[in-house]
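Visitor: Sequence:
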Amino acid sequence: MKAVSLFCGAGGMDVGVQNAGFEIVAANELDSYACKTYRENHKETVLYEGDIEQNMDALGIHVGVDLVIGGPPCQGFSVAGRMDPNDPRSKLVFSYCDVVERIVPKAFIMENVKALGALEKFKSIREEIFRRMSVLGYTLSMVILNAKDFGVPQSRERVFIIGLLGANNLITHSDFECKKEKAISLREAIIHLGPAGSEKNSRITKAKITLADKPVLRKSPYAGMLFNGQGRPLNPDAWSSTLPASMGGNRTPIIDEGHLYDDMPSWVEEHHKALIEKTKKAQYGDAPKRLRRLTIDEAIILQSFPSDYVFIGPQSKVFSQIGNAVPCKLAQVVAEVVKDKLTRQTVDQEKNRLYQLPLEIS
Numbered sequence: 000m001k002a003v004s005l006f007c008g009a010g011g012m013d014v015g016v017q018n019a020g021f022e023i024v025a026a027n028e029l030d031s032y033a034c035k036t037y038r039e040n041h042k043e044t045v046l047y048e049g050d051i052e053q054n055m056d057a058l059g060i061h062v063g064v065d066l067v068i069g070g071p072p073c074q075g076f077s078v079a080g081r082m083d084p085n086d087p088r089s090k091l092v093f094s095y096c097d098v099v100e101r102i103v104p105k106a107f108i109m110e111n112v113k114a115l116g117a118l119e120k121f122k123s124i125r126e127e128i129f130r131r132m133s134v135l136g137y138t139l140s141m142v143i144l145n146a147k148d149f150g151v152p153q154s155r156e157r158v159f160i161i162g163l164l165g166a167n168n169l170i171t172h173s174d175f176e177c178k179k180e181k182a183i184s185l186r187e188a189i190i191h192l193g194p195a196g197s198e199k200n201s202r203i204t205k206a207k208i209t210l211a212d213k214p215v216l217r218k219s220p221y222a223g224m225l226f227n228g229q230g231r232p233l234n235p236d237a238w239s240s241t242l243p244a245s246m247g248g249n250r251t252p253i254i255d256e257g258h259l260y261d262d263m264p265s266w267v268e269e270h271h272k273a274l275i276e277k278t279k280k281a282q283y284g285d286a287p288k289r290l291r292r293l294t295i296d297e298a299i300i301l302q303s304f305p306s307d308y309v310f311i312g313p314q315s316k317v318f319s320q321i322g323n324a325v326p327c328k329l330a331q332v333v334a335e336v337v338k339d340k341l342t343r344q345t346v347d348q349e350k351n352r353l354y355q356l357p358l359e360i361s
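FYI, numbering that gives the first Met the number 0 numbers position 295 of the sequence shown as 294, with every residue one higher than the one before it.
In short, the hints are calculated from the structure, not lab data. Heads up, the beta-carbon is just placed ideally off N, CA and C, and yes, glycines get one too. It is possible that some hints are incorrect.
With a cut-off of at most 35 Å between alpha-carbon atoms, the simulated DSBU-like pairs for lysine-lysine come out as follows [claimed, not checked]:
hint, residue 1, residue 2
1, K207, K288
2, K178, K113
3, K90, K179
Listed next, with one range per pair, are the computed distances between beta-carbon atoms [stated by the list, open to error]:
hint, residue 1, residue 2, range
4, I143, K199, 30 to 38 Å
5, E269, G49, 48 to 56 Å
6, K90, A57, 14 to 22 Å
My request is simple: use the sequences and hints to build the entire structure.
Guide: Quick look at the structure:
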């Protein structure tokens, strides 16, 4: 089965879809560094670099392809941003629809942040997507899935709007139950890399970590704001929180190496407890040296990219490519469910064709 990838980024979704058995024949991406990364890892795919609106004719030659995939840029919908339905980037979901209308694939998968599928303020956008796709004859489904339920060591909720041509092709959460796989902890996922700066974990982040003089305390030590900037500490014995696309500076999550590698008590938990119980005053200044930022190598694993996946660009661009990606394992699960439906549909159509053939009487 063949697929076309829109807004492909570095290719995280494409890896999963390929692992599900699809061949990505064409892709489109605007960001130049993401394109370099994509070409390095997907040499057999024709990549149309540039604005999607300027590549409509090129993408349009793939009429009747089995699957269209893609996650239109989500900054206009993101919880991390202003979630503005009037943001020009919010309109790119309709550019996605334009391509589907041109080539009418057997199925499509549109991925985005949970907010697009959950918030009332985006209801009109959801309804317009459903209206346009229904006219083409698609049975439409919308599911919100968390990557941690499918083997990804990261809590990351995403909405998937899925369309399958023909009636009675509804996909529900029950279709994903048999695909569920409990994810390992952050500790289990990254400990084999070794400390930051070691051979397998060399792509470090030098952004300074300083303590907040007016910390915002929450029940969990790993919530609130104990440090300056938006990079929060990660609990090595749980799943990672959602990795943002803005990693690379002080928004990069924080790791306690003493707790991760040396079995020392968690500095974050002890510091939080002391602040809650008021046995310690809030301090200002540099955090202990055992605390450091998440590395590129660790982020790659937490997004379930293959360990040998090559990323090209400055550190900030690489972090952006990783943070913007759909976790590969999550994309694979969604693509497998869609492929199962397409395969069953093909078998049923063949059965109906055979039943309708006239009997030959000799």
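Visitor: Hint compliance check: list the failing hint numbers for this structure, sorted ascending.
Guide: Every hint satisfied by this model.
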